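Undergrad: Same order as they appear, the protein sequences are chains E and H.
By full-length UniProt numbering, the letter at position 119 of the first sequence is numbered 119, and the numbering carries on one by one without gaps.
By full-length UniProt numbering, the letter at position 9 of the second sequence is numbered 9, and the numbering carries on one by one without gaps.
Read the hints as simulated data drawn from the structure, not as lab findings.
Be aware that a few hints might be false.
Said to hold, decoys possible - Under 8 angstroms between C-beta atoms, here's a sample of chain E residues computed to sit facing chain H: (1) P5; (2) V100; (3) L104; (4) V106.
As the list claims (entries may be wrong) - Only some residues are given here: those of chain E computed to face chain H with a beta carbon under 10 angstroms: (5) S51; (6) M73; (7) T76; (8) V80.
Computed from a predicted structure; not experimentally measured.
For every residue, glycine included, the Cβ atom is placed at its ideal position computed from N, Cα and C.
Number of protein chains: 2
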Amino acid sequence: MDRIPILQMGDLLLVTIQVDMHDQLALNLQDDLSERIRRTSARGVLIDISSLDIVDSFIGRMIATISALSRVMDATTVVVGMQPAVAITLVELGLDLSGVRTALNVERGMKLLRRSDELP
Amino acid sequence: MDRIPILQMGDLLLVTIQVDMHDQLALNLQDDLSERIRRTSARGVLIDISSLDIVDSFIGRMIATISALSRVMDATTVVVGMQPAVAITLVELGLDLSGVRTALNVERGMKLLRRSDELP
Chain E
1 MDRIPILQMG DLLLVTIQVD MHDQLALNLQ DDLSERIRRT SARGVLIDIS
51 SLDIVDSFIG RMIATISALS RVMDATTVVV GMQPAVAITL VELGLDLSGV
101 RTALNVERGM KLLRRSDELP
Chain H
1 MDRIPILQMG DLLLVTIQVD MHDQLALNLQ DDLSERIRRT SARGVLIDIS
51 SLDIVDSFIG RMIATISALS RVMDATTVVV GMQPAVAITL VELGLDLSGV
101 RTALNVERGM KLLRRSDELP
């Protein structure tokens, strides 16, 4: 598999990370996601990482990059489903994902995005 | 990875198949899904297979089993995002997934489930 599917739900895009990320996969995801944001005028991006048991600085940087990329395209990124061990590792790695919004699960993430959409 | 994540959105569950299925993964998915349907009282299950380029009789049977399993637990299964080549292969294999509802993408699948929910 060399592409991670991006699901559209209204003006939100949902990406579920299930597999180990490698360089090409991460690059493809960035390309695909920015193209989809442009094409669908999406306002929000949900990245579900609930199936990640472990995380490294590569994943951390990828999430930060996707978030920055979405922001310049006027979409908000919310990372959902982070496991406690992953949260601990990210903080220990110094990757506290400042600027990236998080939510406990997809439902809360969607609510967060719908709410932020109402802001001016 | 030995488990496929199941995302909850309201009374719907969403499963995105991204990796090659093997026996244990399929069994785990059936266990997890039935447990989640029970716990969340979900009315619908969306299975996204948009990232599958090829399909074999194992996947076909797995989808049929999940659909039957959901049905006896009073939930409707909709398979979404099937690629043309996959559809052709399934029909050629004789697995026409009778009894399984399909939709072109997640949004349409969700609409289908919401609509069928209104039926008596």
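Undergrad: The structure should be examined with respect to each hint, and the outcome stated for every one.
TA: These are the hints, each one checked on the structure:
Residue-level restraint check for E:P5 holds (minimum Cβ-Cβ distance to chain H is 4 angstroms; threshold 8 angstroms). Because the beta carbon of E:V100 sits about 19 angstroms from the nearest beta carbon in chain H, more than 8 angstroms, this interface hint is broken. Checking E:L104 against chain H: minimum C-beta separation of about 11 angstroms lies over 8 angstroms; hint violated. Annotation: interface hint on E:V106 holds; nearest CB of chain H at approximately 5 angstroms, less than 8 angstroms.
Here the hint on E:S51 is kept, as its CB sits about 4 angstroms from the closest CB of chain H, short of 10 angstroms. Look at E:M73: its Cβ only gets to about 21 angstroms from chain H, farther than 10 angstroms, so that hint breaks. A hinted interface residue such as E:T76 counts as satisfied when its beta carbon comes closer than 10 angstroms to some beta carbon of chain H; here the least separation is about 18 angstroms, so the hint is violated. A hinted interface residue such as E:V80 counts as satisfied when its beta carbon comes closer than 10 angstroms to some beta carbon of chain H; here the least separation is about 8 angstroms, so the hint holds.
Hint violations for this structure: numbers 2, 3, 6 and 7, all remaining hints satisfied.
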